[in-house]
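Guided by the hints, dock chain S onto chain A, whose structure is given.
Residue numbers (our numbering), protein chains in the order written: chain A, 1 to 127; chain S, 1001 to 1603.
Since the hints were derived computationally from the structure, they do not count as laboratory data.
Mixed in with the good hints, there may be bad ones.
Derived PhoX-like pairs (lysine-lysine); straight-line CA-CA distance at most 20 Å [to be verified]:
hint: 1; chain 1: S; residue 1: K1593; chain 2: S; residue 2: K1529
hint: 2; chain 1: S; residue 1: K1529; chain 2: S; residue 2: K1465
hint: 3; chain 1: S; residue 1: K1140; chain 2: A; residue 2: K3
hint: 4; chain 1: S; residue 1: K1465; chain 2: S; residue 2: K1593
hint: 5; chain 1: S; residue 1: K1140; chain 2: A; residue 2: K5
hint: 6; chain 1: A; residue 1: K5; chain 2: S; residue 2: K1015
hint: 7; chain 1: S; residue 1: K1025; chain 2: S; residue 2: K1080
hint: 8; chain 1: S; residue 1: K1140; chain 2: S; residue 2: K1015
hint: 9; chain 1: A; residue 1: K94; chain 2: A; residue 2: K46
Computed spacing ranges between beta-carbons, pair by pair [what the hints assert, rightly or not]:
hint: 10; chain 1: S; residue 1: A1333; chain 2: A; residue 2: A98; range: 48 to 56 Å
hint: 11; chain 1: S; residue 1: Q1028; chain 2: A; residue 2: S49; range: 54 to 62 Å
hint: 12; chain 1: A; residue 1: G111; chain 2: S; residue 2: E1067; range: 26 to 34 Å
hint: 13; chain 1: S; residue 1: A1179; chain 2: A; residue 2: D10; range: 31 to 39 Å
hint: 14; chain 1: A; residue 1: K102; chain 2: S; residue 2: R1582; range: 27 to 35 Å
hint: 15; chain 1: A; residue 1: A56; chain 2: S; residue 2: E1338; range: 54 to 62 Å
Here a beta-carbon is modelled for each residue, glycine too, at the ideal position from N, C-alpha and C.
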Amino acid sequence: MAKLKPDDLDRIRETMARTMSLREGEARARVTVHLGTCGIAAGARKVMSALMDALAEREAKDVILTTSGCAGLCSSEPMMTVELRNRPPVKYVKLDEAKARKVFQDHVLDGNVVQEYALALGSEQLG
Amino acid sequence: MHLMLCTGTGCVSNKALAVRQALEKELQKHNLHDEIAVVNTGCNGFCAQGPVMVVAPDNVFYRMVTERDVPELVEEHFLKGRPVSRLMFTPSGEEQPIPRMSDIGFFGKQRLIALKNRGLIDPERIEDYIARGGYAALAKALTAMTPEEVIEEVKQSGLRGRGGAGFPTGRKWESRRRAAGEPKYVVCNADEGDPGAFMDRSIIESDPHLVLEGMVIGAYAIGASRGYVYIRNEYPLAVQRLGIAIGQAREHGLLGSGILGTGFDFDIDIRRGAGAFVCGETTSLVASIEGNPPEPRPRPPRTTLWGKPVNINNVETWANVPTIIMRGAEWFAAIGTEKSKGTKVFSLVGKVENTGLVEVPMGITLREIVFDIGGGIPGGKRLKAVQTGGPSGGCLPGSLLDLSIDYEKLTEAGSMMGSGGLIVMDENDCMVDVARYFLEFLTEESCGKCTACREGVEAMHRLLKNICEGRGADGDIELLEELSQAVQDGSLCGLGQSAPNPVLSTIRYFREEYEAHIHDRTCPAGVCKALFHYGIDEEKCTGCMACKKACPYDAIEGERKAPHRILLEQCTTCGACYDACRFDAVVKHPGGKPVVALVGNVG
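Excised from the complex, chain A in its bound form:
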């Protein structure tokens, strides 16, 4: 890995903006499982495995499955965020393997938000 110069930061940002935003690029959806200590304690790793299996079974190549830290609301873990291209992210709470599979099928693949497990739309407010 080459050592970065200040200008390289911008270049990485622009490249990443394309993949992270889903605006361009091949991915159509991104699923983020919140794997902080709290989430893991509540079973987030099982949720992650269930999603990985579902992803492999359906051969959904245009779905990015990724992880992140604690989403803040520890009492409602495991949590995950589903983001489809051109749609605001949706946060799901109190998941288990079966619920995660349902969200994967209904929301990620078919585009319908699973309201009974969804907490909210959008992301948090910064500073």
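Frame of chain A; chain S shown alone:
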């Protein structure tokens, strides 16, 4: 027409300010600047799509607007009246009754600075961090600012130590910059040990690069060449993610020699602690890094590491630095109260509906935290106290719910900011028992160097234990107060000096509860087992047998569908029946198990 351009931190790091300039220029060019105003708005919670812009009054929502998009946007939408669908946001959810994050009480009142990337980035990928503006503050500091300017910016921001004591960060940096001796060190104190507190752990787990970036900026300002993160080994995930982050930062030339192609050299290593509470104290912490027993020593002279100048800040303090450098002191200082600027991260736990990690502007009230964010007390119970600051802090009563939170106000009220533990207690929590619990913790965690702390805390714990077990005596409260004074006066470090706080604050606000324990031999909250006993309300008992089945000691008698009875001579006050009863028929009676009743039952 108004262009509501988000200039929240997320959008600014995605170049919202450049978009603003481009917009103004383009509007000017088309002579539209009198009709169309660009208005800066705060964060609206769609950071992942930033920069976002809402065109009022039509409410057309544009997202991911770049400078390059501006000419097309102005010409098509504002000149020809044709909104640019390519940049428009398709708001799903309008047809679906899902609230926005900002409408959820728990999230709506939070403002994220230290936690700005939480849940949004993969903490094990440096590209994710850079994509959200990571290391841009470091680039700015190294290429466009002198160390003195960095220190001045931090001073002007009003940032104070988030580890608890609240010392102004910029002043600390300045004194270390001036200190003689090479090399200089910076340390990140991640020895978070308060029961119920997990702010530092969560920040490192979700965003380790933010902490590292803050440390590199601090090292540049101070002139340090070496840094350590002192983190307890009970945080395996945080240690692991931090290690990955340090490795990536080195690979990318963000740590090591010639950082970002400049002449600045600095590297960071992890030092794992064995989980001793006293290591949160700076002189003990450096002793532990040096490989010595973690005992505090008197100050002055100022804390050093291997005899050289060292600057120690808490995880959350470091995590605030990049945003301050990026957005400027003025922006940061506009958040919070007169003397406490910015935000504070709290771990909200105990008897609240929503437990978790919250970051709120300084000056928010306890009521907002407990009720608006925390969602109130479960089961319709009454709030009794809020414990802040961990074992060094105190219990504030419900009557102080409207206290606005800053360093000074909490100290005046007899508690302290501490590192940010916030434990909510309801009517079923006994304040004497809480004080006993914290003193037991401190008895175990006292390093034993100062007699006042080693023996005094132990003696206080013994008194509290006696009171909780029904052996309290007249004068115990006064004796506790006297011992408190002695422990405060005779201890070298913060652990001992603040150890009496849990006792003093509960005596100050809940004296009658101590008196009930001592004089009436009763525990009003029904926690101290020697000071209450269980009974069954025969009117409410349906004879469902649930309590009888739950009792591990065969201490309940009664037939199906007939009122049950507790045999007090067999009862150990374990509470299994209380938890099992669905009809509130098992009740707590004041006072220990009555001897008379016991004799009566035997007959």
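Going through the hints against the structure:
1. Our distance criterion of 20 Å between C-alpha atoms is met by S:K1593 and S:K1529, whose separation comes to about 9 Å.
2. At most 20 Å may separate the alpha-carbon atoms for a hinted pair to count; S:K1529 and S:K1465 meet this at roughly 12 Å.
3. Distance hint between S:K1140 and A:K3 is fulfilled; the C-alpha atoms sit about 17 Å from each other, no more than 20 Å.
4. Taking the CA atoms of S:K1465 and S:K1593, the gap is about 18 Å. The hint holds against a cut of 20 Å.
5. With a C-alpha separation of about 12 Å, the suggested pair S:K1140 and A:K5 falls inside the 20 Å cut-off, and the hint holds.
6. Between the alpha carbons of A:K5 and S:K1015 the distance comes to roughly 19 Å, so the proposed pair stays at or under 20 Å and holds.
7. At roughly 18 Å between alpha-carbon atoms, S:K1025 and S:K1080 fall within 20 Å of each other, so this suggested pair holds.
8. Between S:K1140 and S:K1015 the alpha-carbon distance is near 14 Å, which keeps this suggested pair within the 20 Å criterion.
9. A distance of roughly 13 Å separates the Cα atoms of A:K94 and A:K46; the hinted pair therefore holds under the 20 Å criterion.
10. With their beta carbons about 49 Å apart, S:A1333 and A:A98 fall inside the hinted range of 48 to 56 Å.
11. A C-beta distance of roughly 56 Å is found between S:Q1028 and A:S49, which places it inside the suggested range of 54 to 62 Å.
12. A hinted range of 26 to 34 Å for the beta carbons of A:G111 and S:E1067 is consistent with their spacing of about 32 Å.
13. Between S:A1179 and A:D10 the Cβ separation comes to about 36 Å, which falls inside the hinted range of 31 to 39 Å.
14. Distance hint check: the CB atoms of A:K102 and S:R1582 are about 32 Å apart, consistent with the given range 27 to 35 Å.
15. Range check, A:A56 to S:E1338: about 57 Å between beta-carbon atoms, so the 54 to 62 Å window is met.
Consistency note: the structure conflicts with none of the earlier hints.
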